[in-house]
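With these hints in hand, go ahead and build the complete structure from the sequences.
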Amino acid sequence: MNKYLIIAITALALASCSTGGNIDTVSVEGGRIQGVLTDNPEVMVFRGVPYAAAPVGDLRWALPQPVIPWEGVKVADTFGSPAIQPGRAPGSFYYIEFQPEPLLPQSEDCLFLNIWTPVGAVGHPDAKLPVAMWIHGGGYYNGCGSDVAFDGEAWATRGVILVTINYRLGPLGFFSHPALSAVNPYGASGNQGIYDQLAAINWIHANIAQFGGDPDNLTIFGQSAGAASVKTLVSSPLTKGLVSKAIIQSGGGVGGFPLGNDGPGVSPASFDADGKAAMDAAGFDTVEKMRAIPAEDLFKIQGLRGGTHVDGHLIVEGFDQAAYNDDLLDIPYMIGSNGDDSGAEGMREGCARFGAVRDSLGKQPAYVYFFDRKLPGDDAGAFHSAELWYMFNTLGRSWRPMEEHDFALSEKMVVYWTNFAKYGNPNGKDADGGWKPYTRSNPYVELLK
Numbered sequence: 001m002n003k004y005l006i007i008a009i010t011a012l013a014l015a016s017c018s019t020g021g022n023i024d025t026v027s028v029e030g031g032r033i034q035g036v037l038t039d040n041p042e043v044m045v046f047r048g049v050p051y052a053a054a055p056v057g058d059l060r061w062a063l064p065q066p067v068i069p070w071e072g073v074k075v076a077d078t079f080g081s082p083a084i085q086p087g088r089a090p091g092s093f094y095y096i097e098f099q100p101e102p103l104l105p106q107s108e109d110c111l112f113l114n115i116w117t118p119v120g121a122v123g124h125p126d127a128k129l130p131v132a133m134w135i136h137g138g139g140y141y142n143g144c145g146s147d148v149a150f151d152g153e154a155w156a157t158r159g160v161i162l163v164t165i166n167y168r169l170g171p172l173g174f175f176s177h178p179a180l181s182a183v184n185p186y187g188a189s190g191n192q193g194i195y196d197q198l199a200a201i202n203w204i205h206a207n208i209a210q211f212g213g214d215p216d217n218l219t220i221f222g223q224s225a226g227a228a229s230v231k232t233l234v235s236s237p238l239t240k241g242l243v244s245k246a247i248i249q250s251g252g253g254v255g256g257f258p259l260g261n262d263g264p265g266v267s268p269a270s271f272d273a274d275g276k277a278a279m280d281a282a283g284f285d286t287v288e289k290m291r292a293i294p295a296e297d298l299f300k301i302q303g304l305r306g307g308t309h310v311d312g313h314l315i316v317e318g319f320d321q322a323a324y325n326d327d328l329l330d331i332p333y334m335i336g337s338n339g340d341d342s343g344a345e346g347m348r349e350g351c352a353r354f355g356a357v358r359d360s361l362g363k364q365p366a367y368v369y370f371f372d373r374k375l376p377g378d379d380a381g382a383f384h385s386a387e388l389w390y391m392f393n394t395l396g397r398s399w400r401p402m403e404e405h406d407f408a409l410s411e412k413m414v415v416y417w418t419n420f421a422k423y424g425n426p427n428g429k430d431a432d433g434g435w436k437p438y439t440r441s442n443p444y445v446e447l448l449k
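Each residue of the sequence shown is one higher than the one before, starting from 1 at the first, in this note's numbering.
Hint data in this document are derived by calculation from the structure and do not stem from the laboratory.
Below are the DMTMM-like pairs computed for lysine to aspartate or glutamate, each with C-alpha atoms no more than 20 Å apart in a straight line: (1) K240 / D327; (2) K240 / D330; (3) K374 / E446; (4) K240 / D214; (5) K412 / E153; (6) K422 / E411; (7) K276 / E288; (8) K436 / E349.
Using C-beta positions, here's what the derived DEER-type ranges look like: (9) K374 / D109: 38 to 48 Å; (10) L103 / L361: 41 to 51 Å; (11) A380 / L104: 18 to 28 Å; (12) D109 / D432: 44 to 54 Å; (13) G428 / N40: 17 to 27 Å; (14) P69 / K374: 42 to 52 Å; (15) P86 / V56: 12 to 22 Å; (16) D109 / H405: 34 to 44 Å; (17) R305 / S92: 21 to 31 Å; (18) S92 / V56: 24 to 34 Å.
By construction, the Cβ of each residue, glycine as well, lies at the ideal position given by its N, Cα and C atoms.
In structure tokens:
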């Protein structure tokens, strides 16, 4: 063979190996999808990947259903539509801090996820990279997996596949009604948004190997309502064997964050009754009429309760009960709060209490942190959600005049978070690192400021 041809073939092979064979198309449930490179040529992103059928028409308020197959190759270069939501008012604090521009159009067809992965891992199931699934906050009423602070590039460069998700919100995600409960195979309704999150977990288990991920090394993490969602999921009997680690950010611990209605004495029947009363008062007394309501108008109906509640299937007890009853998943946990969270002291105490409870039961470690960096630019301090810029390494997207110290803190936090996703230990493989597990004899809290 001509020596120049050999050299050319060898060079092409080496180039192909350096980019994972230039693979950018994979098969998932529903069909084939094609990813695109990020600004970092070593990271590929697949945006707007459907993980369930569109919950519209007769599927409004139904449990998430399998993806509808598509023809050809879907180019996954655009984020999927966020769930219908009331939105952040222009000029409000969170609008100023986190509202992306331009705004993505909202839709009931919202069950999409996004995947950031190293280029060389795509199409290589044997890569077995750890996976982390992010659940956004927003009080179960706002937010999406493509909010401006979220990005997986920094995680993927450190060998962790990041997945962000959308889920149904507000009355579309948590509405309960006796007519819906009657046709639900589990005899209860509501919690659709949490069932969406569970569907995304199951999608990851079935498909993430195609992106180089290890379905048996999955971390779920979230902030605010996303943290409350994590607490619900690790309390559920339906996640056993599906989740390896969990991170709870500004969602309280044992006590300290009353978002949801899953405490003692709250029954599915009471949620059904409240939903029926609100719909009857608005003139919608059949499922057909309720499913015909324009999605945006659902948010205007008075008396519709939001948030989670015990349904006897996904949620059988509240997080605090599950923690004391030793019913939580026995996995490593990271948990913490911010210095200027709403109800900051109670939230901080709840995180410490969680660490003490886990230690008293002799379970896998709980690592507790306290984020208290007062962000530059004004006197808002270490406000609720402030840590998001840091642990996703997206400081450059903030309007704030970030300083060298902020970028160093961000680097430290990304290392901690990705180490935890890899090993269940923010220090990495070294179990004797500086961040100690929280125990009753050594109530260590890692200060991030």
